[in-house]
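Protein chains in written order, with the UniProt record's numbering: chain L, 1 to 143; chain S, 1 to 143; chain Z, 1 to 143; chain G, 1 to 143; chain X, 1 to 143; chain Y, 1 to 143.
You can trust all of the hints, since none of them are fake.
You can't tell identical chains apart in this list, so a pair holds if it fits in one copy or across any two.
With a straight-line cut-off of 25 Å between C-alpha atoms, the simulated DSS-like cross-links for lysine-lysine are:
1. Lys127 to Lys23
2. Lys33 to Lys87
3. Lys24 to Lys7
4. Lys7 to Lys67
5. Lys127 to Lys33
6. Lys124 to Lys87
7. Lys127 to Lys87
8. Lys7 to Lys17
9. Lys139 to Lys127
10. Lys67 to Lys134
11. Lys24 to Lys87
12. Lys33 to Lys17
13. Lys67 to Lys17
14. Lys134 to Lys24
15. Lys87 to Lys23
To be clear, the hints were calculated from the coordinates, so they are not data collected in a lab.
As a plain string of letters, each chain reads:
Protein chains: 6
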Amino acid sequence: MGSLFDKNPELRRIYEKGLEVRKKVMGEEYVNKALSEATEFDRELQEMITIFAWGMIWTRDEVMPRKIRSLINIGILAALNRGNELKLHVKGAIRNGCTEEEIKEVLIQVGAYCGLPAAMEAFKIAKEAIREVKEEMSKEGKR
Amino acid sequence: MGSLFDKNPELRRIYEKGLEVRKKVMGEEYVNKALSEATEFDRELQEMITIFAWGMIWTRDEVMPRKIRSLINIGILAALNRGNELKLHVKGAIRNGCTEEEIKEVLIQVGAYCGLPAAMEAFKIAKEAIREVKEEMSKEGKR
Amino acid sequence: MGSLFDKNPELRRIYEKGLEVRKKVMGEEYVNKALSEATEFDRELQEMITIFAWGMIWTRDEVMPRKIRSLINIGILAALNRGNELKLHVKGAIRNGCTEEEIKEVLIQVGAYCGLPAAMEAFKIAKEAIREVKEEMSKEGKR
Amino acid sequence: MGSLFDKNPELRRIYEKGLEVRKKVMGEEYVNKALSEATEFDRELQEMITIFAWGMIWTRDEVMPRKIRSLINIGILAALNRGNELKLHVKGAIRNGCTEEEIKEVLIQVGAYCGLPAAMEAFKIAKEAIREVKEEMSKEGKR
Amino acid sequence: MGSLFDKNPELRRIYEKGLEVRKKVMGEEYVNKALSEATEFDRELQEMITIFAWGMIWTRDEVMPRKIRSLINIGILAALNRGNELKLHVKGAIRNGCTEEEIKEVLIQVGAYCGLPAAMEAFKIAKEAIREVKEEMSKEGKR
Amino acid sequence: MGSLFDKNPELRRIYEKGLEVRKKVMGEEYVNKALSEATEFDRELQEMITIFAWGMIWTRDEVMPRKIRSLINIGILAALNRGNELKLHVKGAIRNGCTEEEIKEVLIQVGAYCGLPAAMEAFKIAKEAIREVKEEMSKEGKR
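The whole structure should be built from the sequences, with the hints applied where relevant.
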């Protein structure tokens, strides 16, 4: 069972739609790397993420604009203590047009609702993410 | 040490500002009840919440509108598995002008990022909160 | 947007497959109730759960038998502190043929890895779930 | 396998020591109830708790007085979102000689480090626990 | 108080039994290192783990085979966000005879029940653990 | 909005009091670094932490001595899985006069109440923190 599409070929369309959104938000380079490094072990995970999160949820942007989804995700990931994903989604937030001020506001709110250690950790990660994504976007712009 | 103001009288102004916002978002009846039932044991907690969360964070609404803060809080509280507070903040979201559709979108996102059990629990709580807050707001309107 | 199928009609087949497994594991009565009580607010959640968890994961039973999936889920839900879902999945485990002894072993393991309070809570919930599901199954048998 | 002692009879002495401490801290009535209601399903859990937590840890009171252990446990259980156990251990704290003021201080600290929702929940639970344990202790005193 | 056995010499037998199982599952090299590096500060922790988790739980293999315990532990540790222990227990799972396919199935289930970020993190850790443990086992085989 | 004091100048006195305590507990070098590296993005976070946690809570030392607060915080941070903050607060505990034995006792209690993986992680972090803080304190003493 190497791919979800072996048994569920009808998922292909949602996957393609999701892949497009995922690349726009997470950055084409990151997504291409994640997919090209996928093995028998984690290919189906990559497909599920692309279908379920990106194809079925992040595409619902007529109801909830991606910018707001990004801010909500930053709050959620800081609460869940998932630093790696938090970093990726801070970058995604910037790509989606969130300002640094907005990201800061979410994380200050995290301080009151998740506790100060959660906020300190998240601020450190976000600071690094913002610096990195600016470089990435400036490189992308030059191509 | 019965009140924060005994030692920190300068906090009074921020407390007053916070109290006003807290009542607007959480409902006057709920806040009055929380404060009037406070004893020696939990009065300082009530003061801290009003000062820190409401006076120092929820007042920063020129940067982040309260409606967005409500949506972010719903995501955070669902992630933290704090059902009682989640219920209060779903009600607050409706008072802040969020639509049921927006709340639903946050909770669907919770499904992907916090797992399906977190979403199921949160949807159940939100459904109840929305029904109740509508009744509360209709009563308030009649007065 | 009342139903996932409005925009993604191709998901119907996986939904149907998932619905069948969900009913077998969670009990027909519970699933029918969950679906018939669904409103505009939570219908899409119910559809997502049926498609993603039941249609796409619980159907992979040639790789992982449902009995083992049930035991793993009990461990996960106890760790996540999600009591309501834990109760439903303890019932599901019994329906899937797990013995009380096996469930007990998972929860003892929870004691060592998630801490004793997690285990105490989970044992209490499981005890109740086992009593209830036996009654449910005996009623079902009589029809 | 009905009891841990079937295979590990040497644990009996630590169990007896633990049982004595457990009763002193949690209240004799509560412990007797927990043990008398234990079935084949959860007897070994009760034994493990008594041996591991009470016999091997709460007995180390020359290094760490029980009063301090109680305060630490209140912080931990509030952080873990384990309300039922929190309630029992607030009662235990009072039995161990902690004052209401000390319990309040721990929970205010919880507000800063675990977030305000964790503190609000914990204060509510503690308030109830203190009221109940005072009644229990007054009844016990009368016997 | 340098060792648990100073005050509880009767625990020695369970410790020895646990030590044997621990070495078989976690690898002799890892366990020897953990024990030889233990100081006054953490020796008793190492003893407790060996006695409680390994001597009292992992030895109950007539009720629950070690292979299943490994799979359950992978689910639990992914849910708890304990990456270091997750890595060690993925290695343990392979030593206990679990296949990569089985580990993958647990982690896909983690995606649905703990959320996609938990699954992504766990897949990354597991991939690394599997590569490393294969090398370790091949070295051990050559000796 | 570069600083909390722009809009809330009255918070200055509590900030100053908090800053003094924070430096005594966390070490002057660490606090100076945190403040000097603060940018527009995280200056307000630093101010909030100093005011709320240090100025309003850690100053309440007539009710709860700092040494006990440190021990409680170690328990809380281990429970929350916040390793970076745990490390800083183990160092703070030593600066506040806690002994290694007392820290060890808290972490053994973590083993029973948060599970063994939480304890293993926390012991590793604490061991490193204790070694480092001793060096830091010996350097400070020489100046």
